[in-house]
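A.B. asks: The chain contents come next:
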Amino acid sequence: EAQVTQNPRYLITVTGKKLTVTCSQNMNHEYMSWYRQDPGLGLRQIYYSMNVEVTDKGDVPEGYKVSRKEKRNFPLILESPSPNQTSLYFCASSSTRPGADTQYFGPGTRLTVL
Amino acid sequence: AQSVTQPDIHITVSEGASLELRCNYSYGATPYLFWYVQSPGQGLQLLLKYFSGDTLVQGIKGFEAEFKRSQSSFNLRKPSVHWSDAAEYFCAVGITGGGNKLTFGTGTQLKVEL
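These protein sequences, in sequence, are chains X and G.
Here the first sequence stands for residues 978 to 1091, where the numbers follow the working numbering.
Here the second sequence stands for residues 30 to 143, where the numbers follow the working numbering.
Some hints here could point you the wrong way.
In the DSBU-like style, the derived pairs of lysine-lysine whose C-alpha atoms are separated by at most 35 Å in a straight line are [stated by the list, open to error]:
(1) 1034/X / 78/G
(2) 1048/X / 1034/X
(3) 78/G / 1042/X
Okay, the calculated bits of chain G under chain X, using three or more residues with CB under 8 Å as the criterion [to be verified]:
(4) 73-83
(5) 132-140
Listed next, the stretches of chain X that the computed footprint assigns to chain G, with coverage defined by at least 3 CB atoms under 8 Å from CB atoms of chain G [said to hold, decoys possible]:
(6) 1018-1031
(7) 1083-1089
In case anyone wonders, no lab produced these hints; they're calculated from the structure.
Cβ coordinates follow ideal geometry from the N, Cα and C atoms, glycine included.
Same shape as in the complex, but just chain G (with noise of 0.2 Å):
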């Protein structure tokens, strides 16, 4: 079965430092790849996904993540934090056989420090 590890629970960071947030996963065949970002009281947001092709990609707000099949991660990165990143991320693997569904990590929160 497919799993998805989120191993910091927790992150702070100044504004305008740069961020990585950590994301491995476990799935037999290619991935479907997601980041996900919650703010407080809100729903979940799209920032990035990776089906196929080129494994570094782009999303909103300036993130990006690359995908390393040799090492079973998905991390995501974005070079100059701003205050409004406070929020909580999650990573996803998609499978689409029996399930059609997301398995999601347990979250990061990340804190951004003025």
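Next comes chain X alone, as it looks inside the complex (with noise of 0.2 Å):
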């Protein structure tokens, strides 16, 4: 079955203690994203990556780290994880360019930072 997958799907931690969302697409695909979603705002996109080894910030990245080094994982990084990070977060894949695609979204992941 094609699916993006994410962990964990849900999570609460500390302020400043690291922390990775991991996620995996098994549909060949380019591109990948990584969004948040907070009340009120939508989704709005933190990085995306174009292919292995190269990623570009979207609209939120401060505070986030991504890495692409296998084409199917873009996993997503707190390296010290605030407060104003908590949210519900979706990774995203796509064949082609994510502004004229289809995207294919994950579960999300829950995380509430304390």
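Two chains, each in its own frame: build the complex with the hints.
C.D. replies: Right under this line is the structure:
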């Protein structure tokens, strides 16, 4: 089954404790993105990747890092989480440019930073 | 910069009634337009998209949307709503220049009364 998986689905952590949210897709897609969803703000892009070793900032990249060492994986790293990063995070992939193609979303990761 | 406005935060309709969700966009060029649906606890799923051609597009689950360039709108419609349509709906505009991303509206929460 074609899908985007994220782990963990739920995470509660404390300020400053580094964490990684994993994302994997099995559709051989070139493009992958991370979004955060906050009430009243919709989804905002954090980072995206056009291919292995090629990443770029989205609208809200501060406080986040990403890497793309393999085509199927696109982890999101919070080196020193803060409470304002409490949010619902989605990973997405698409075969071509995200702005011009269907994006396939993972189920989401709900992060709480205390 | 591109933007998307969904003026209705919440909408309640009776099962069997018709539905129209409004979406207005701001973008300098011909837009790529999308409607996504998010069921509770789920990721986003594409309902339909418009790239070019026929301005009335058909999607899954009986939804359709009409692109009106003169009004900068891309409203979503369904002639008869089912209880299972209760969800949050997001309109998005895609750009493929610097950024390669979707810009989402803030969403419309649909409640269906039985």
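A.B. asks: Give a verdict on every hint.
C.D. replies: Against the structure, the hints come out as follows:
As the CA atoms of residue 1034/X and residue 78/G are separated by approximately 25 Å, the hinted pair is consistent with the 35 Å bound. As the CA atoms of residue 1048/X and residue 1034/X are separated by approximately 18 Å, the hinted pair is consistent with the 35 Å bound. Of the supplied pair hints, the one linking residue 78/G and residue 1042/X holds, its CA atoms being roughly 30 Å apart against a limit of 35 Å. A stretch counts as covered by a chain when three or more of its residues have a beta carbon under 8 Å from one of that chain; for the segment 73-83 of chain G and chain X the count is 5, and the coverage holds.
Under the rule that three or more residues need a Cβ within less than 8 Å of chain X, the assignment of the segment 132-140 of chain G holds, with 4 such residues. Counting residues of the segment 1018-1031 of chain X whose C-beta lies closer than 8 Å to any C-beta of chain G gives 7; at least three are required, and the coverage claim holds. Closer than 8 Å: that is the beta-carbon criterion, and the segment 1083-1089 of chain X has 3 residues meeting it against chain G, so the requirement of 3 holds.
The earlier numbered hints are all upheld by this structure, with none contradicted.
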